[in-house]
Amino acid sequence: MPTWFEHEPRNTFIHRLNPLSRVVLLFSALFLMSFYYDPYYVALMGIIAAGIYLVARVPKKWILITIPVMFYRFWEFLIVGLGQYDPSLFKVWPQEFVSRVLFVMPIPFVGNIPMIYGAVMWTFGQTFHIIIGAAFTLTLVYSTSLNDYIKLMRRFKFPYQIIYVVTVALKFVPDIFRSYSTIVKAQRLRGWEVKTRNPIKAIRLAIPLVTPLSRQIMFYVDRLTISSQIRGFGATKVHYNVKLGLKPADYATIIVVASLVAFALYMLIFYNAGIL
Amino acid sequence: MTLIEFRDVTFTHLHKKNPALNGINLKIDEREFVALLGPLGAGKSTLLYSLNGVVPHLLPGHLNGDIIVDGKNTKEHDVAELVTTVGLVIDDPTMQVFNLTVIDDVEFGPLNVGVPPQEIPARSDYSLSASRLKGLETRHPKELSGGQQQALGLAGVLAMRPKVLGLDEPISMLDPIGKNMMLQAVREINEKFGATCIIAESGADLEDVMNLADRVIVMDEGRILAQGDPRVAVKDGLLERVGVGMPQVSLLFHELRKKVPDIEIPAKLDEAIHLLSDYLERGVVKVRKHRSPTLQSRQTGESRSYVDVENLTFVYPGGVKALKNVNFQLRQGEFTGIIGQNGSGKSTLAQCIVGIYKPSNPDAKVRVDDVDVVKSSIKEIVTKVNYVFQNPDYMLFSKDVNEEVGFGLRMLDYPKEKINEIVDEILLLLGLQEYKNTLINDLPRYLRTLVGLASVLVLRPNILIIDEPTNGLDRRESLRLLKYLRELQGKGLTFAIITHDMKLVSEFCDRVVVMNEGTILLDGKPAEVFSSRDKLRQASLKPPQIAQLAEALESYGVSATTLSVDDFMDQLDVGGR
Numbered sequence: 001m002p003t004w005f006e007h008e009p010r011n012t013f014i015h016r017l018n019p020l021s022r023v024v025l026l027f028s029a030l031f032l033m034s035f036y037y038d039p040y041y042v043a044l045m046g047i048i049a050a051g052i053y054l055v056a057r058v059p060k061k062w063i064l065i066t067i068p069v070m071f072y073r074f075w076e077f078l079i080v081g082l083g084q085y086d087p088s089l090f091k092v093w094p095q096e097f098v099s100r101v102l103f104v105m106p107i108p109f110v111g112n113i114p115m116i117y118g119a120v121m122w123t124f125g126q127t128f129h130i131i132i133g134a135a136f137t138l139t140l141v142y143s144t145s146l147n148d149y150i151k152l153m154r155r156f157k158f159p160y161q162i163i164y165v166v167t168v169a170l171k172f173v174p175d176i177f178r179s180y181s182t183i184v185k186a187q188r189l190r191g192w193e194v195k196t197r198n199p200i201k202a203i204r205l206a207i208p209l210v211t212p213l214s215r216q217i218m219f220y221v222d223r224l225t226i227s228s229q230i231r232g233f234g235a236t237k238v239h240y241n242v243k244l245g246l247k248p249a250d251y252a253t254i255i256v257v258a259s260l261v262a263f264a265l266y267m268l269i270f271y272n273a274g275i276l
Numbered sequence: 001m002t003l004i005e006f007r008d009v010t011f012t013h014l015h016k017k018n019p020a021l022n023g024i025n026l027k028i029d030e031r032e033f034v035a036l037l038g039p040l041g042a043g044k045s046t047l048l049y050s051l052n053g054v055v056p057h058l059l060p061g062h063l064n065g066d067i068i069v070d071g072k073n074t075k076e077h078d079v080a081e082l083v084t085t086v087g088l089v090i091d092d093p094t095m096q097v098f099n100l101t102v103i104d105d106v107e108f109g110p111l112n113v114g115v116p117p118q119e120i121p122a123r124s125d126y127s128l129s130a131s132r133l134k135g136l137e138t139r140h141p142k143e144l145s146g147g148q149q150q151a152l153g154l155a156g157v158l159a160m161r162p163k164v165l166g167l168d169e170p171i172s173m174l175d176p177i178g179k180n181m182m183l184q185a186v187r188e189i190n191e192k193f194g195a196t197c198i199i200a201e202s203g204a205d206l207e208d209v210m211n212l213a214d215r216v217i218v219m220d221e222g223r224i225l226a227q228g229d230p231r232v233a234v235k236d237g238l239l240e241r242v243g244v245g246m247p248q249v250s251l252l253f254h255e256l257r258k259k260v261p262d263i264e265i266p267a268k269l270d271e272a273i274h275l276l277s278d279y280l281e282r283g284v285v286k287v288r289k290h291r292s293p294t295l296q297s298r299q300t301g302e303s304r305s306y307v308d309v310e311n312l313t314f315v316y317p318g319g320v321k322a323l324k325n326v327n328f329q330l331r332q333g334e335f336t337g338i339i340g341q342n343g344s345g346k347s348t349l350a351q352c353i354v355g356i357y358k359p360s361n362p363d364a365k366v367r368v369d370d371v372d373v374v375k376s377s378i379k380e381i382v383t384k385v386n387y388v389f390q391n392p393d394y395m396l397f398s399k400d401v402n403e404e405v406g407f408g409l410r411m412l413d414y415p416k417e418k419i420n421e422i423v424d425e426i427l428l429l430l431g432l433q434e435y436k437n438t439l440i441n442d443l444p445r446y447l448r449t450l451v452g453l454a455s456v457l458v459l460r461p462n463i464l465i466i467d468e469p470t471n472g473l474d475r476r477e478s479l480r481l482l483k484y485l486r487e488l489q490g491k492g493l494t495f496a497i498i499t500h501d502m503k504l505v506s507e508f509c510d511r512v513v514v515m516n517e518g519t520i521l522l523d524g525k526p527a528e529v530f531s532s533r534d535k536l537r538q539a540s541l542k543p544p545q546i547a548q549l550a551e552a553l554e555s556y557g558v559s560a561t562t563l564s565v566d567d568f569m570d571q572l573d574v575g576g577r
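Chains A and B, in that order, give the protein sequences.
Letter 208 of the first sequence, counting from 1, is numbered 208 in this note's numbering, and no numbers are missing.
Letter 549 of the second sequence, counting from 1, is numbered 549 in this note's numbering, and no numbers are missing.
These are computed hints drawn from the structure, not numbers from a lab.
Check each hint, because a few of them may be wrong.
[Said to hold, decoys possible] Think about it this way: if two alpha-carbon atoms lie no more than 25 Å apart in a straight line, the pair counts; the simulated PhoX-like pairs of lysine-lysine are:
(1) B:K535 / B:K324
(2) B:K163 / A:K185
(3) B:K268 / B:K235
(4) A:K185 / B:K192
(5) B:K142 / B:K192
(6) B:K321 / A:K61
(7) B:K399 / A:K185
(8) A:K201 / B:K399
(9) B:K142 / A:K61
(10) A:K185 / B:K286
(11) B:K324 / A:K185
(12) B:K27 / B:K163
(13) A:K60 / B:K235
(14) B:K535 / B:K321
(15) B:K418 / A:K201
(16) A:K195 / B:K134
(17) B:K375 / A:K185
(18) B:K235 / B:K192
(19) A:K195 / B:K379
(20) A:K60 / B:K399
(21) A:K195 / B:K321
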């Protein structure tokens, strides 16, 4: 049974694609998404991300882990958003709309700062980028095996160090999640539970998890280094041409994605499509 | 022809005082099958890791002397250069498996060392055949049995076509049939493909390893104490003295030698069968007609059932059905051994009993001391029945032993004075009082296991289920721990152990439960269970070596339910004694 953030071989359309097509598809989506703040475009990217996520049958619980991250970063974006009180920063949406004030925040030594609608849209856009980006990334993780990455990176002559980091990270994360899950079970059997809203106490209660986990990570990193070396990792710098082996579906995907990206960029550059 | 040579090698790990290898002089020839025997800390792993340059290139330290492998001095060649000469299989196969399908993982090594792509399929094919993994190419490694996972670790190394195969306790985590499968695969690689095999072992699988070895090397404290034919290690009890323990057949013959002085001491089961049948035929040894009372199974008084499991089914979120309508009881006062192959449902059952997992079927009943586990929180259960994970390092986090053991009571809001009182009591019970203020990080594995046990026992559960309590311990430490548990049982505690060590189960348990594919296949006294050979085979299990000897000599009148050397000796009449 796969654990968190681990590839699983499945027979979905996304899994069947060549890793290169998958990388092109998912990186293009991430690239475009980074420009879009217009709620309509963000929603469109969200629908695409959800569609790809569902087609690849990525476990739904994986995406839930981004919710606390979104929650945390929302406040950070909100603070940055407060700095965008000048409506002229927003070129596409009508000025009378973006300049409307949602609330005014009194800030000591600075004065009253208005939170305008344009800044609110920017804040929500940034926040939703997290979950959309995570959906694309998790789809890539779930549908792509370690060997796929290595072959692809070798094909494009990536430096050995980068290949090594990717290899180790892809093995490390799921294994550490397994250890974490066992540690939680072991401590619960000793009566451990988080039953406080006091953040100081909560940090103290995390120690029974964090300490064994840190020990496991240190031990694991040592073992992983040895294991990867005895499997010959980095034994040679010979680069040979790995055949990409693209199928018609891959060519179709790459052509469609490339065309869409080109069109989207054209619209973005010349018609400001997607920005606020 | 000599393939490996150690010339006066001494190696001390960085920041360590005592050398891990001390004055090693050793030659190993091509095609040899060598068993490297010694307790934990003897230097076996360091010796194996020094063959492919992990020592000193990745595990730094001070290396004196020279290690020459296939003409290469390991000081001058790093792991990357030696990896195609020496393949190493470590004790935890999951660490060595990087990929998500069997075939991807087997191809990983050749891909890394730059084998031309057109040559890789042939290599994979060879490795998969030799490791008996043909037909499983597209499987996820986690879907394989423990034996198959370990075989995958082996296949990944074989695909690099090494001349030397080093195996560091490669079967420690396997069920008996998995162990057998793995060792047979290694033997085949040695015989058919000419690889030199060196296998390290610290006791639990001694019999299996010695059965295959052409030569043994006995190590302790970084030194080689003896080497040669396997009989060298058993003739004067050397293995027992260093703490690895002796094969049961060797122990039996040592007992016989007390009565027949010139008797040979065999190291392997086949030799023992041959020798003993010869003695029986020649009348040197006779089988008594009536079994002595000690041969009867250990009897325990029937006590009330404390844990009751009815119709328990458990399905993991991924759809794997781990338990299928299991009915099971644990009674107070029993010492139960739960055995079965990897993935048979042993740990899942234990975790359902303590409430970590809830049953997948609504009609299941899991009751502990008449408390419904399904409807209760874990906190309500932990003081009645508890479970200890196999690696104590998953739970230990405090600075010292006293703080660690008291943690559970602090979580249950016990007053400070009461905590101190109970902790002292438990430390005394487990003989840990002298370590009360010792730092956890300074404790050896055996003591960490005991501290882990104490930190759960402090909650005073009536029944404690321990998963692989002897994992990571050598034979001497395993026996110490089990004897301890037995003593504690005498003081009113009840234990159930989940283990793959059939020898320990036969020596210490009152009751044996055999699980297979999520069901309970056998449940009874050790003698009954271990004499059900067909069902044991079905569950990928085999009885301890002494029972196998008894089975082989059943035609001479030896009881097939024999489970210990003492039982065996009780049946033998040696020169009228």
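| Pair hint K535 (chain B) and K324 (chain B), alpha-carbon separation not exceeding 25 Å | holds, 18 Å
| query | Are the Cα positions of K60 (chain A) and K399 (chain B) separated by 25 Å at most? | reply | violated, 39 Å
| said: Does K185 (chain A) sit within 25 Å of K399 (chain B), going by the straight-line distance between their CA atoms? | reply: This hinted pair holds, its Cα atoms lying about 21 Å apart.
| query | Holds or violated: are the alpha carbons of K418 (chain B) and K201 (chain A) at most 25 Å from each other? | reply | Distance of about 23 Å is within 25 Å: holds.
| message | Can you confirm whether the C-alpha distance between K142 (chain B) and K192 (chain B) stays at or below 25 Å? | response | At roughly 29 Å apart (the allowed maximum being 25 Å), K192 (chain B) and K142 (chain B) break the hint.
| query | Given the hint that K142 (chain B) pairs with K61 (chain A), does the C-alpha gap stay at or below 25 Å? | reply | holds, 20 Å
| query | Would the pair K375 (chain B) and K185 (chain A) pass a check requiring their Cα atoms to be no farther apart than 25 Å? | reply | Given that 25 Å is the threshold and the Cα spacing comes to 18 Å, the pair holds.
| said: Please verify whether K60 (chain A) and K235 (chain B) have alpha carbons no more than 25 Å apart. | reply: violated, 62 Å
| query | Are the Cα positions of K268 (chain B) and K235 (chain B) separated by 25 Å at most? | reply | Satisfied, since the Cα-Cα distance of roughly 12 Å is no more than 25 Å.
| Hinted pair K185 (chain A) and K192 (chain B), Cα distance within 25 Å | violated, 46 Å
| Within a Cα-Cα threshold of 25 Å, do K201 (chain A) and K399 (chain B) meet the stated pairing? | The hint holds at about 18 Å.
| Is the Cα-Cα distance between K195 (chain A) and K321 (chain B) 25 Å or less? | Roughly 33 Å separates the two Cα atoms, so the pair is violated.
When the structure is compared with the earlier hints, violations turn up for hints 2, 4, 5, 10, 13, 16, 18, 20, 21 and for no others.
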